[in-house]
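Asker: As they're listed, the protein sequences go chains A and B. Just so we're aligned, residue 1 is where the first sequence starts under the numbering used here, counting upward by one. Just so we're aligned, residue 1 is where the second sequence starts under the numbering used here, counting upward by one.
Keep in mind that the hints are not guaranteed to be accurate.
[As the list claims (entries may be wrong)] Residues from chain A shown here face chain B by an in silico Cβ test under 10 angstroms; the list is partial:
#1 Leu62
#2 Tyr69
#3 Pro243
#4 Val244
#5 Leu318
#6 Ala335
[Stated by the list, open to error] Far from chain A, some chain B residues (derived; all Cβ distances over 12 angstroms):
#7 Arg99
#8 Asp147
#9 His344
[To be verified] Covered stretches of chain B, going by a simulated chain A footprint (3 or more residues, C-beta under 8 angstroms):
#10 130 to 139
#11 264 to 271
#12 318 to 330
By construction, these hints were calculated from the structure, which means they are not laboratory data. Note that CB positions come from ideal geometry on N, CA and C, so glycine has one too.
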Amino acid sequence: MLTPAPAPSASQTRWPERLANGLFALSTLVYLLPFIVLPLLALLVNGLSLGGSATPLDSLLLAWANPTYRAALGNSLLLAGATAAGCCLLALPAAVILLRQPKAFAAWLPLGLLPLCTPPFLAAAALKGALGPGGWAGWLNHPAGLLAVEVVHYFPMLLLAILLPLRQRQQEIDSALLCAPRHGWRFLRRIFLPLALPGLTLGCALIFSRVLDDIATPLILGQGTLLAPLLYLRVGSHGFADPVNSVLALCLLCLTLGAWLLASRPFAPASLFSPLALPPADDERPPLSPGERAYLALLAGLAGLPFIALLLLSFAGLWSFTALPESYTLRHYLATWQTQQGALGNTLLYCGLAALCALLAALIIALRLHSRRTARARRLGNALLGLVALPGSALVIGYQQCYAAFSPFGGELLAAPPWAFIALVLSVRNLPYAVQILRLALANLPAQQLEAAHVLGQTPWRSLVRIALPLLAGSLVTAFAVCFLMAAFDLSTALILIPSENMAPLSYSIYLEMFKTSNQESGAALAVTALALLGLGAALGRQALRRRPRPVAEPAA
Amino acid sequence: MPLPACRLFLLILALLAAPLASGSQRIVVVTSFSKEITQSYKKAFEADNPGLRVEFLSLPSPRALTYILGRHLEPRPDLVWSSAPETFDQLAAQGYLQRLAPPPGDAAVDASAQPYFLAQAWSGYGIMWNTRYFAAKALPPPATWTDLGQPAYFGHLIMTSPARSGTTHLIVEQILQSHGWEAGWQLLLRIAGNCAEISERSFGVPNAVGRGQYGAGPVVDFLALGARNSGTPVAFIYPPQTSIIPANIAVLAAAPNPDGARRFLAFTLSPAGQALLNRPEISRLPVLAQAQNPQHALLPHLAQAGQRFDRALSQHRYQLIGVLFDQAITFRHAELRETTRLLHAADRRLALAPEPQAAALVAEARRLLYRPPPEIAGADAAPLAERQTLLLENQVARASQANYRQAGEQLRRALDLLR
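Please model the entire structure based on the sequences and the hints provided.
Answerer: Written out as structure tokens, the structure reads:
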């Protein structure tokens, strides 16, 4: 474990035990049973043809007999693996540089966070949209083009996954750097790799599963022979009950879970979600060398390229068969403002609800895991983290099959309040992020203050409200924001689950706007508007957290 | 709880509650049309009918059908509004549609369809091309579907799959019906082999052609005319074998809001609703004669409406055409395109220096490359069961893979001989 938590004191473990137990059971039941266990069972039964009159494994054999699906399996594995490898190639040198430069890392942060909260199809659509009229689209319409787009999109995330856990141990690293070689193979082998490995494997597993689950990017770049895009196309032409769909969904599930299990061997999962500590202002370190600067600038340029293309597209007027637009206009922004207010409102509703649900459940689960630090609780925590890897497209197929099969409810069980269902579905895969953020925040709660409150006769409830919650506020807001963004940009789930533009989370609205009109530019304008609002929200949230009165964390020496 | 964080949470909660509070009645329309059309109708209808809110489920026609037949989750649609007549035929045959009163005035166009669905706009199908792209690459403007199979257009075309686009399905079906199964598939394979990309989205074709990413593609008329009328340098032609088929609208039997649905349907057929079709960015031909723009390019062809198109046959093999196209073309497009490139190269060299052995190899390769999939029996044959469909898919996929591979090998040998 990279971030050692203080040992639990007697007073800390005494949360209102029964209430906590009940809530914990309820939240795991509400989430795990209908949204994970039953759909996966339905997939398993249909995919392996275990129910009904068909011979077992019939659909599996039928799907295997078709060269297209065999090729899709190989292509998907290759693409996801190559993307993870490509990200490593780009991110590792940068991580070596940034490990010694916390300030430069702080400057990198916003860029690294962007891929977490934008879908990769945006990069593909923007690049293709901006390069296409100049006759360069053919370069992207190629497996190598797809790989390039995925790598450019995801490598900042890997960089973050490597460096964020290390930020917690900057002092140790600094002292290690003082007495050990700062360069060369020995530095890599003795210092860098052991430190970076947990984040590296976790980041690679996350990227691997995200790329496997990506529907829109391969389709935009004309590479449909992959598992997730084929699944999406087959749902469109054959419906949800199609047996080959279940086989494809099962394949996706097995691959992502396999990658996750492999990666979970060498790391402690909590490490990815360490809180950020910004470097002190008087930090003095040797400046970056010109070579290092150039490499970082190149990476920043690469990561920023899709966004430059997006911006260009959003202002383009007439743009046909020329390298740059012939005219520029604000028309697309005006149209976005006029027609997309509803979409933004819906995003706020569904994704906000999703984030709230995830936050509530995560708080209950985190409290429970915090108060019971048994091996079982730790295993449960790690298993929960695995939910991140579940492919959304496969899960949605599972939902449809599962709730179509429950005839006592006539398929109406979850139909009654669609907004609540959508919110819960969107929140399931984001739950682990919230749980991890809150677990870490709980682990960092000052035990002395809670102890003191207990000695002074405060009830557990009052110490929760007066001491724990104010200290947790920052993490609660962070967890809410992360869940909200993840839900808003979860295109794989939305593409299959929500066909209505009025219920679409943001990524789906952008997708519709880009591909259901004869001008993609309005979609680009919507995406830029959304990103601008996102930046504004992040700045406001940070401001609010900064102004927050800070309780004294440690007793004065 | 600290005040700023508290306020932030309250603000978020208030924002969340706002959309829930607006309690207007909604009408859900499944449609394949572009946002230009849906937004115009939404705006005009909601202005006329305060208290009613229209929502669109944007689904290509083939998906719309699977959605309505197989969907168990919300939202439940009230209306279907799309170009593909087979969608309506199938829904009506299975009892999914409500009976409707005949349309007012002179809009009655398709007596056989009544009383379950009504024609709302005329659509013709044809070829759209980018005039700048064609000028720069010195390409001749196409006049017929057969032209698109010419070697000159290799790498300059884009099309989408009939499994994803109702309008492309109509185009493919027209080609198959007018040329016959065998010649029709051969032409489709030639055109697809010339395509640089098989787009996943219907709108991918007009978008890519309009922006000059590729030169030309088969589209439904209004997408091309709308782009042209908005200033994009594109041209459009109706090939001689084209059919003119109305886009329809219908109310679903299980509509949660049948009254609202009927009001929306009546609005789309009213003079005000029909006039919306004449907007430059929409450019569709209304069915109501009084609303028709006399300048519309489709008007001179209107006399042929409904001719040369066997709707029963098309409905019978509706899903299978998409399945065959995907297995033989979409999912094997890289191989098909590469083999087509080799074939064009071999043909060029043979024209320069004839060589009998190479010519025989090329002829065999051409036969393999353009071998059509097994014919789907006529409209009166029994439909295929799910397992049979899967077996057919596998058979076509394996045959296409083997054919393209063998054709490629033959062509490489021929090119070696011609070197």
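Asker: Hint by hint, which ones does the structure fall short of?
Answerer: Structure breaks hint 11 only.
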